[in-house]
Amino acid sequence: MGITNPPIDELLDRASSKYALVIYAAKRARQINDYYNQLGDGILEYVGPLVEPGLQEKPLSIAMREIHSDLLEHTEGE
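Using my numbering, the letters of the sequence shown map in sequence onto residues 1 to 78.
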């Protein structure tokens, strides 16, 4: 599963521009990455993936699938 699944055209409906979509997805991917990094420390500050991650799926791909599934609420400018 790559970054083109879900298709970018379908994701653009969930942000005001492609640039806003990139920032939105990158912020969520960073949260997912931080979640995985903190698991070994026993700290649960971040929320893990809201969709079932594929084997060796990258945080950005997970974030894109979460956005496509409307599992996240986002306010632009935050």
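Just to be clear, a hint being listed does not mean it is correct.
Quick list of simulated restraints, FRET-style, between CB atoms [to be verified]:
#1 P7 - I43: 17 to 27 Å
#2 Q56 - D34: 12 to 22 Å
#3 G40 - L12: 13 to 23 Å
#4 L39 - Y19: 17 to 27 Å
#5 I43 - I8: 28 to 38 Å
Below 25 Å or equal to it, Euclidean Cα-Cα: the simulated DMTMM-like pairs (lysine to aspartate or glutamate) are [unchecked claim]:
#6 K27 - E10
#7 K27 - E45
#8 K58 - E76
#9 K27 - E57
#10 K58 - D9
#11 K18 - E45
#12 K18 - E57
Because the hints were derived from the structure by calculation, they are not lab data.
Every residue gets a Cβ at the ideal spot worked out from N, C-alpha and C, and that includes glycine.
Okay, the hints, checked on the actual structure:
no.	hint	verdict
1	P7 - I43: 17 to 27 Å	36 Å, violated
2	Q56 - D34: 12 to 22 Å	18 Å, holds
3	G40 - L12: 13 to 23 Å	36 Å, violated
4	L39 - Y19: 17 to 27 Å	31 Å, violated
5	I43 - I8: 28 to 38 Å	34 Å, holds
6	K27 - E10	19 Å, holds
7	K27 - E45	15 Å, holds
8	K58 - E76	24 Å, holds
9	K27 - E57	17 Å, holds
10	K58 - D9	20 Å, holds
11	K18 - E45	29 Å, violated
12	K18 - E57	22 Å, holds
When the structure is compared with the earlier hints, violations turn up for hints 1, 3, 4, 11 and for no others.
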